[in-house]
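*Asks:* In order, the protein sequence lines correspond to chains A and B.
FYI, the numbering for the first sequence is 0 to 64, going by numbering that gives the first Met the number 0.
FYI, the numbering for the second sequence is 0 to 275, going by numbering that gives the first Met the number 0.
By construction, these hints were calculated from the structure, which means they are not laboratory data.
In this text the structure is predicted, and so the values were computed from the model without any measurement.
Watch out, some of these pointers could steer you wrong.
Computed list of chain A residues with no C-beta within reach of chain B, every gap over 12 Å [as the list claims (entries may be wrong)]:
id, residue
1, Ser-1
2, Leu-11
3, Pro-12
4, Glu-13
5, Pro-14
6, Pro-15
7, Thr-16
8, Ala-19
9, Val-22
10, Gly-36
11, Glu-45
12, Asp-46
13, Arg-48
14, Asp-50
15, Arg-51
Quick list of simulated restraints, FRET-style, between CB atoms [claimed, not checked]:
id, chain 1, residue 1, chain 2, residue 2, range
16, A, Arg-54, B, Asp-105, 45 to 55 Å
17, A, Glu-13, B, Asn-167, 55 to 65 Å
18, B, Ser-10, A, Asp-50, 40 to 50 Å
19, B, Arg-177, A, Ser-1, 51 to 61 Å
20, B, Asp-105, A, Arg-7, 24 to 34 Å
21, B, Met-0, A, Asn-35, 47 to 57 Å
22, B, Trp-138, A, Arg-51, 48 to 58 Å
23, A, Arg-54, B, Asn-60, 47 to 57 Å
Residues of chain A clear of chain B, computed beta-carbon distances all greater than 12 Å [what the hints assert, rightly or not]:
id, residue
24, Ala-18
25, Gly-52
26, Asp-53
Ideal Cβ positions, reconstructed from N, Cα and C, are used throughout, including at glycine.
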Amino acid sequence: MSVLVNGRIHDLPEPPTLAALLVALTPQLPFAVACNGEFVQRGTYEDCRIDRGDRIDIVHPTAGG
Amino acid sequence: MQDQLTLYGQSFTSRLLLGTARYDSPSLLSDAICAANPAMLTVSLRRQLSGSKDSGQSFWNLLRQTQRTILPNTAGCLSAGEAIKTACMARELFQTNFIKLEVIGDEVNLQPDPFGLVEAANKLVKLGFQVLPYCTEDWVLCSRLMDAGCEVLMPWAAPIGTGQGPRNPRGLRDLRERAPKIPLIVDAGIGLPSQACQVMEWGFDGVLLNTAVSRALDPVRMAGAFAQAVKGGRSAFLAGPMIVQETAVPSTPEIGRPFASGSSRLEGLAPGLMRG
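Looking at chain A on its own, in the form it has when it is part of the complex:
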C-alpha cells in the first residue's frame, strides 16, 4: 500500500490520514497540501483520509515573476 507524494512513492501511514502522513514526512514550514489535485485546508488534515494510489502535493514558497 503506497501513495505518491510529489511524484515519489511513500508508504501509506497508519492511520491512513493526511495528518499521519505529514507527521511521517515532516515537511518544512510553511507548506500547503493538495490531495488528488484538490486543495486540503490546514486544520482538516486529520479528517482527510488517504488511500492507496492517492496523489499528494506538498508545496512551499518559491521565487516567481
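Given chain A, work out where chain B should sit, using these hints.
*Replies:* Here is chain B on its own, set in the frame of chain A:
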C-alpha cells in the same frame, strides 16, 4: 497630497511591482528589492523536493524581512481549474487574498487564455480573492474581467521574459482611454527603463517586471534605474504633456528680432502668439 497607487483599497507609495525569480543569488535579490523599493513582490509555489535541506525556508525568511506586500502568482497553470486550486494553496501559504492570476493559453508565447482567465476570475472573486489578472490589451477580455469583479487589470507589454517593450502601443493606449478609472499595471515584456517610463507617461498606474532586472548585468543598478523611470513617467503624466503640433512653432519670441525685414510672415504675429 502624496500620489499613491491604490489596489483593492490598499495604498502604496511605489508604482513598481517586482518579481523575485531568476536572480543569481538571494543576496542579489535582496539588494535589488532595496534599490527598486517595490510596492509588491511576486512569488510562486512549487513542490518541496524530497531530502532537500532548504525547502523554501530561506526564501520565506527573505520575503518576511523585506516587509513588502506579497503577490502570489498562478504561473504555469493551463486551465481555470488549476489556477483556482493553486490560488487556494497560495492564499493559505502566503496568508493573503491577493493573487496574480495567470492562465496560460499558449506555451510558446505564454499568452493568457482569455476564456480560462475570465472563468477563473469569476470564481476567485466569489471566493474572496483580490484578483490581479495577467491579460492582454484586448478590450472585450478586459471588460469581461471587470464584469467578473477584478478591480485591477495587468495587460502585457509583450510575451513574458522577452524584454521587447510594448508591442501594441495603440492597443494599450486605447485600453487606457476606454478604462480610465481602473488601475492598469503593465505586466510582462518590459525590457528597459525607458519602456517603463513610456507606459507611465501614457497614464498606466504601475509596472510589474522581473527578468529586466534579474537578468541585467547589474541587477541592483537596473532595479534603481527602473524605480526612477517609473517615478519620472508618472510625474510626466501628472504634469500633463504638451499637445503635439503638426508644424514647427518658435519657442523664442519673434517680435523685436533684430535684422528682421518688415515682410517676414512672423513680423505680423500678434503679441499674444509669442512663444516663451
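*Asks:* If a hint holds in the structure, say so; if it doesn't, say that too.
*Replies:* Results for each hint:
The non-interface label for Ser-1(A) is consistent with chain B: the shortest C-beta to C-beta separation is roughly 14 Å, beyond 12 Å. In this structure Leu-11(A) is separated from chain B by more than 12 Å, as the shortest Cβ-Cβ distance comes to about 17 Å. The Cβ of Pro-12(A) sits about 16 Å from the closest Cβ of chain B, beyond the 12 Å cut-off, so the non-interface label holds. For Glu-13(A), the requirement that its beta carbon stay farther than 12 Å from each beta carbon of chain B is met, with the minimum near 21 Å.
Once the 12 Å rule is applied to beta carbons, Pro-14(A) is consistent with being away from chain B; the minimum gap is 23 Å. Every CB of chain B is more than 12 Å from the CB of Pro-15(A) (nearest about 20 Å), matching its label as outside the interface. Chain B leaves Thr-16(A) outside its interface by the beta-carbon criterion, the shortest separation being 18 Å against a cut-off of 12 Å. Even its closest Cβ contact with chain B, about 18 Å, leaves Ala-19(A) beyond 12 Å, as expected for a residue assigned away from the interface.
The beta carbon of Val-22(A) is kept farther than 12 Å from every beta carbon of chain B, the shortest such distance being approximately 16 Å. With a cut of 12 Å on Cβ distances, Gly-36(A) falls inside the contact zone with chain B, its closest approach being about 7 Å. Distance to chain B confirms Glu-45(A) as a non-interface residue, since its nearest Cβ pair spans about 16 Å, more than 12 Å. For Asp-46(A), the requirement that its beta carbon stay farther than 12 Å from each beta carbon of chain B is met, with the minimum near 16 Å.
Every CB of chain B is more than 12 Å from the CB of Arg-48(A) (nearest about 19 Å), matching its label as outside the interface. For Asp-50(A), the condition that its CB be more than 12 Å from all CB atoms of chain B holds, with the nearest at approximately 20 Å. Every Cβ of chain B is farther than 12 Å from the Cβ of Arg-51(A); the closest lies at roughly 19 Å, confirming the non-interface assignment. For the pair Arg-54(A) and Asp-105(B), the beta carbons lie near 27 Å from each other, so the given range of 45 to 55 Å is not met.
A hinted range of 55 to 65 Å for the beta carbons of Glu-13(A) and Asn-167(B) is consistent with their spacing of about 59 Å. The hinted window of 40 to 50 Å between Ser-10(B) and Asp-50(A) holds, with their beta carbons roughly 48 Å apart. A C-beta distance of roughly 56 Å is found between Arg-177(B) and Ser-1(A), which places it inside the suggested range of 51 to 61 Å. For the hinted restraint 24 to 34 Å between Asp-105(B) and Arg-7(A), the CB-CB distance of approximately 31 Å keeps it satisfied.
Checked against the hint of 47 to 57 Å, the pair Met-0(B) and Asn-35(A) passes, with Cβ atoms roughly 52 Å apart. Look at Trp-138(B) against Arg-51(A): about 51 Å separates their beta carbons, and that is inside 48 to 58 Å. Distance hint check for Arg-54(A) and Asn-60(B): the Cβ-Cβ separation is about 30 Å, which falls outside the suggested range of 47 to 57 Å. Distance check on Ala-18(A): its Cβ is at least 16 Å (rounded) from any Cβ of chain B, clearing the 12 Å threshold; non-interface status holds.
Interface exclusion of Gly-52(A) from chain B stands, the closest Cβ pair being 18 Å apart, more than 12 Å. In this structure Asp-53(A) is separated from chain B by more than 12 Å, as the shortest Cβ-Cβ distance comes to about 15 Å.
Hint compliance for this structure: hints 10, 16, 23 are broken, all remaining hints hold.
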